[in-house]
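Those sequence lines, one after another, are chains A and B.
At the far end of the first sequence sits residue 274, using the working numbering, and the numbering has no gaps.
At the far end of the second sequence sits residue 580, using the working numbering, and the numbering has no gaps.
Be aware that one or more of the hints could be misleading.
[What the hints assert, rightly or not] Taking CB as the label site, the calculated pair distances span:
| hint | chain 1 | residue 1 | chain 2 | residue 2 | range |
| --- | --- | --- | --- | --- | --- |
| 1 | B | T334 | A | K222 | 35 to 43 angstroms |
| 2 | A | K6 | B | T334 | 52 to 60 angstroms |
| 3 | B | K534 | A | R142 | 52 to 60 angstroms |
| 4 | B | D451 | A | G196 | 51 to 59 angstroms |
| 5 | B | I288 | A | F186 | 48 to 56 angstroms |
| 6 | A | I236 | B | L569 | 23 to 31 angstroms |
| 7 | A | I194 | B | R440 | 42 to 50 angstroms |
| 8 | A | G196 | B | K534 | 19 to 27 angstroms |
| 9 | A | F19 | B | E403 | 23 to 31 angstroms |
| 10 | B | D342 | A | A80 | 35 to 43 angstroms |
| 11 | B | K534 | A | R132 | 53 to 61 angstroms |
| 12 | A | A245 | B | N448 | 26 to 34 angstroms |
[Stated by the list, open to error] Restricting the straight-line Cα-Cα distance to at most 30 angstroms, the calculated cross-link-like pairs of lysine-lysine (DSSO-like) are:
| hint | chain 1 | residue 1 | chain 2 | residue 2 |
| --- | --- | --- | --- | --- |
| 13 | B | K465 | B | K381 |
| 14 | A | K113 | B | K465 |
| 15 | B | K441 | A | K99 |
The hints are simulated quantities; they were obtained by calculation from the structure and are not laboratory data.
Don't be surprised by glycine CBs; every beta carbon is placed ideally from N, CA and C.
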Amino acid sequence: MENSKKISIIVFAGVIVLFFVSWISKTSGFQSTGLPFGASVRDGFLITLAAFLTLAIISFLYKDNPYYKFAEHLFVGVSAAYWMCVGFWSTFVGNFIPKVSSTLSGFFEVPYKGFDIFYFVPLILGIMLLMRLSSKVGWVSRWSLAFIVGTTAGLNLIRYMRSDFISQVSNTFVPLLVEWQGTGHFFSNFNLSISGQFVMMLGNWVIFIGVFCGIIYFFFSKEHTGFFGAASKLGIWILMVTFGASFGYTVMGRVSLLVGRLTFLFRDWLGLIN
Amino acid sequence: MSNSNIGLVISLLIIGAGLVWLLIRSLQGKEVERRIIFLFIGLSVSVPLLFNITFSEKATPIVRAVFDKIENLPEGSRILLSFDYGPTMAPEVEPMSDVMIRHVLAKGHKLYLMGLWATGQSLGSAAVERIIKNDFPNMVDGVDYVNIGYKAGNQGVLNVIVTDFRKLYSTDVNGRDLDSLPIFNDIKSLKDMDLLISVGGGFPGVKEWVQFAGDPGNVPTAGGCAAVSAPLLYPYYPSQLLGLLGGIKGAAEYESEFKKRYKQFGDMPEPGVKMMGPQTLAHLVIMAFIVIGNLSFFFAGKGRRK
Chain A
1 MENSKKISII
11 VFAGVIVLFF
21 VSWISKTSGF
31 QSTGLPFGAS
41 VRDGFLITLA
51 AFLTLAIISF
61 LYKDNPYYKF
71 AEHLFVGVSA
81 AYWMCVGFWS
91 TFVGNFIPKV
101 SSTLSGFFEV
111 PYKGFDIFYF
121 VPLILGIMLL
131 MRLSSKVGWV
141 SRWSLAFIVG
151 TTAGLNLIRY
161 MRSDFISQVS
171 NTFVPLLVEW
181 QGTGHFFSNF
191 NLSISGQFVM
201 MLGNWVIFIG
211 VFCGIIYFFF
221 SKEHTGFFGA
231 ASKLGIWILM
241 VTFGASFGYT
251 VMGRVSLLVG
261 RLTFLFRDWL
271 GLIN
Chain B
275 MSNSNIGLVI
285 SLLIIGAGLV
295 WLLIRSLQGK
305 EVERRIIFLF
315 IGLSVSVPLL
325 FNITFSEKAT
335 PIVRAVFDKI
345 ENLPEGSRIL
355 LSFDYGPTMA
365 PEVEPMSDVM
375 IRHVLAKGHK
385 LYLMGLWATG
395 QSLGSAAVER
405 IIKNDFPNMV
415 DGVDYVNIGY
425 KAGNQGVLNV
435 IVTDFRKLYS
445 TDVNGRDLDS
455 LPIFNDIKSL
465 KDMDLLISVG
475 GGFPGVKEWV
485 QFAGDPGNVP
495 TAGGCAAVSA
505 PLLYPYYPSQ
515 LLGLLGGIKG
525 AAEYESEFKK
535 RYKQFGDMPE
545 PGVKMMGPQT
555 LAHLVIMAFI
565 VIGNLSFFFA
575 GKGRRK
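Pulled out of the complex, with its shape left as it was, chain A reads as follows (with noise of 0.2 angstroms):
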């Protein structure tokens, strides 16, 4: 136990004189390019701050710690004052002033736009909203909550209905036989071009066997045998493609976030890439 503690000691030490050597370094960096001193202190210091809290977060990878933990924690803690400030200016000063009180539209140096008394509705909504830190009065919030969820409820409904059903139903009605003009004007113009006859006609075939054998996968109420298994077993052969699919890009998202901080590992703060 003691020993654990002698080691924690030394790498903060550590940490802190790396922290200390990295900023001296990045000041004196932006310094010979030119740049005043006060500026060159204060960027030496936030790049040196931003490549320590890349490295507390990545350090998770070896095994979770003390610096993890604090990066992890003053991101959510500067996330929710960042989203609070930000709605704070536009939303409240930025819609709710403009329409209530010219003087406050003065203050706040936004342009009056006349007064609206419906514009009261959400800000009494909003303090009821702000009842859930009371715990007697806190059932007050859940009138402001009620009326979130059925708007929202209610605007999605229509929304999916005909964005996510409707049209995709309609998208899925696809012509099997694209620019059909016959057996020997499709093979005297055979080709693999992406926008030619060819390919199109396949993509148009895989989204219809694809649709109606992923369905029969989760039709039921019949039993999966004979064409009927045989469709189920290629619907689920399609929606591992899809999940496959979807793997393969969740691993470049993933990537590309890492190279974006390597990049600024290398770039910014270790300066050995243009």
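Chain B: place on chain A using the hints.
Chain B only, in chain A's frame:
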């Protein structure tokens, strides 16, 4: 032999030797610690970055559709670009918004920036400083482009501005009255836009733009999204979404198409293209891991069962 090729050979040799060691170890039935896997991924991403390994990219039809749409709109068309992402997603989607801003302004279109994410507002402002003020110093804020920022409400914001911008937006991010900005002279709602582009990857994002703006407003909509959400958006293409830039690959394709057509931007940074080198190597390593895992399962696993 160029530095890039030397780097490619060295990185392939290092990673290849490591993978062979892993294969032998796995076939012997020994455990491979997860930190070794992380180390390999770190190496496969770092080495191409350090040696600047890049590959040529060619725009696929789904990316070219977005490019051609911006290219074929008459000069002065109104294009809205929404920043629906935060710094955590920026390395992947920021190259998309950067190159599209350059393309829109190089074609002489009017550019409207906004965000459904609070973080999108400052990222939009940063893009104005980084790209527009550097590459297009003659463009005037409020005349050629404007950033109207963020409003809370997620898809509810779209539901309102699809009929009237001024019900939610009274000023731009600099506090200027929308009615005083020439760029907003003939604009009442999203329906007055010639093209809507959402760049994001979470909620709200491209999907909400299709559902709450593109479809009901009958306005052409395109998107650029983080790779994770790309498979969920492909079903909208081409009827509801005219094109999509899926992940960093989409950004790289768009960048190379833009550079090919606009020679004056030859020195433009290509973060998307640069990321494809590490991407390729990292994918090869992951594929090798899958093969090694299966081989050790079939051979070493059988041995253990005996």
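Hint numbers not upheld by this structure, sorted from lowest to highest: Of the numbered hints, just 12 does not hold.
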